[in-house]
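K.L.:
Below are the chains, spelled out letter by letter.
Number of protein chains: 2
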Amino acid sequence: MNSEEIKKVGIVGAGNLAWHLSIGIQNAGYEIEGVYNRSEDKAERLATKLNTRVVTNFKRFKNCDLVLLVVSDDAIRELAGEINQLKAIVAHTSGNTSLEILFPHQKIGVLYPVQSFSKHLEVDLREVPFLVEGNNDIVENSLFNLASKLSQEVYKITSYQRRRLHVAAVFANNFTNHMLKQAHDLCEENDIPFSVLTPLIDETVSKIKTITPVQAQTGPAVRHDHRTIEIHKKLLEGSYLKLYEMITDDIKQAYK
Amino acid sequence: MNSEEIKKVGIVGAGNLAWHLSIGIQNAGYEIEGVYNRSEDKAERLATKLNTRVVTNFKRFKNCDLVLLVVSDDAIRELAGEINQLKAIVAHTSGNTSLEILFPHQKIGVLYPVQSFSKHLEVDLREVPFLVEGNNDIVENSLFNLASKLSQEVYKITSYQRRRLHVAAVFANNFTNHMLKQAHDLCEENDIPFSVLTPLIDETVSKIKTITPVQAQTGPAVRHDHRTIEIHKKLLEGSYLKLYEMITDDIKQAYK
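Those protein sequence lines, which keep their order, are chains A and B.
Taken in order, the first sequence gives residues 1 to 256; the numbers are from our numbering.
Taken in order, the second sequence gives residues 1 to 256; the numbers are from our numbering.
Some clues are possibly wrong.
In this list, chains with the same sequence are indistinguishable; a pair is considered to hold if it fits within one copy or across any two.
As the list claims (entries may be wrong) - For lysine-lysine, the following PhoX-like pairs were computed, each having C-alpha atoms within a straight-line distance of at most 25 Å: (1) K156 / K234; (2) K49 / K59; (3) K242 / K256; (4) K42 / K156; (5) K256 / K149.
In case anyone wonders, no lab produced these hints; they're calculated from the structure.
Please read all numbers here as calculations on a predicted model, not as lab measurements.
Could you put together the complete structure from these sequences and hints?
P.N.:
Dropping the structure here:
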């Protein structure tokens with residue numbers, strides 16, 4: 001596999017993901033050349049943790065093999081524009097941003113970890129799938145090799161695929177959580193401990209590891225059980241009712 | 001706690017839940033007097049498993065302390081009507097059916113396990129929350145005691161609460177699963193392995209055991225990140241788009 005070995009890595013950003021990633025990269029044996037961040041305070045804290053320097057001028061990254069932009073989607077283009085032409089691969093970590101935004105850098109790539117990172121929550125990077133992309137095979141392979149030292153599960157995918165996966169993640173994470181919010185609020189409003197639903201929720205998620213969601217679906221909508229659906233609708237109002245009707249109709253359509 | 005001891009139990013029904021429950025009840029030390037089921041073949045199989053008899057006439061349950069109707073919602077009323085007046089408590093196991101449907105029996109109750117049972121999937125009843133109700137304290141306490149021998153988590157709740165919990169379970173289980181179906185299908189259509197999303201889904205569910213779904217929510221909708229929402233909408237069509245717009249709007253409303 002045609003690739004260039006990455007040794008020195010420059011980190012841009014000092015948020016949750018920057019912490020988790022840079023620590024993981026350092027633990028995998030790479031040298032962190034320095035940390036750049038708009039707010040120097042935050043850069044200082046991460047640099048201290050990594051026992052490296054704070055960088056205030058991107059020229060300090062001139063010996064890096066990889067400069068990783070671990071910043072919000074909005075900041076990627078601007079920061080990439082500020083970096084002078086380097087020998088390094090310039091890569092971002094966003095699920096929803098194209099590769100091309102990093103042009104006119106010559107070696108550009110994406111290193112996207114599919115997980116939601118919280119500040120105080122330990123995450124085992126080995127279990128986090130990484131999706132990599134590069135503007136040529138050498139870049140892509142180099143990033144693939146680095147990701148493979150962080151995680152057991154690494155895939156090469158295109159910007160087109162990554163964007164769609166990012167939407168899929170919204171359904172799987174944010175929308176699922178919103179359904180759990182409805183369940184939580186319904187319990188709370190009726191003095192029922194939400195924990196009563198925990199085993200059922202665990203079961204729901206555990207099933208789709210061995211069978212598809214279509215095979216796993218149960219309940220009144222998939223059975224086209226209109227009597228139960230009508231009883232449920234009479235119990236609901238407002239936003240609950242709107243969601244219930246819409247999703248029930250969608251399930252009925254999907255399993256005709 | 002005022003109660004009557006339950007010793008002998010008659011089982012009506014021979015479906016998934018009847019299997020899981022009756023085996024659990026027997027293992028907890030109760031005597032299963034017999035199994036009644038419309039289809040005698042199925043009754044035979046469960047009775048054999050329990051080493052008890054098939055019952056074709058409800059009079060055989062005259063010495064029971066509890067007759068448990070473990071049948072579909074539609075069949076509860078009819079079967080309850082066929083049972084002659086007994087000394088036993090007559091109870092059903094449905095989340096969505098009122099207690100009163102069991103009148104004119106004198107001692108009536110509900111024993112509702114909050115879990116979705118599949119045929120070939122082992123379920124540890126100790127981890128399944130049971131919700132009990134009775135038409136008087138003695139019945140309710142008797143069922144509570146029995147449920148407490150099956151499970152660590154038993155609550156007394158009213159029919160009013162149980163109905164609402166049943167709707168909450170539809171959100172937590174069926175609707176959550178439908179969100180996972182969208183994610184699954186989006187992956188499949190774009191040649192991305194669905195397993196890439198597994199750690200994220202696990203994290204989503206694991207979070208709500210320590211923080212509320214409101215505290216756990218992330219993503220473009222809760223951030224009111226309209227740029228990302230617009231990008232996502234352009235990638236979607238049909239049923240995906242309808243769900244995306246509706247749920248995104250609902251999240252935006254909920255976190256104004």
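K.L.:
Taking 25 Å as the upper bound on the Cα-Cα distance, should K256 and K149 be classified as within, between, both, or neither?
P.N.:
neither (46 Å within a copy, 41 Å between copies)
K.L.:
How would you classify K242 and K256 at a CA-CA limit of 25 Å: within, between, both, or neither?
P.N.:
both (21 Å within a copy, 18 Å between copies)
K.L.:
Go through the copies and call it for K42 and K156: within, between, both or neither, with a Cα cutoff of 25 Å.
P.N.:
neither (32 Å within a copy, 51 Å between copies)
K.L.:
For K156 vs K234, is the C-alpha pair at or below 25 Å within one copy, between two copies, both, or neither?
P.N.:
between (49 Å within a copy, 24 Å between copies)
K.L.:
Please work out whether the CA atoms of K49 and K59 approach to 25 Å or closer within one copy, between two copies, in both situations, or in neither?
P.N.:
within (22 Å within a copy, 76 Å between copies)
Of the numbered hints stated above, those contradicted by the structure are hints 4, 5, listed in ascending order.
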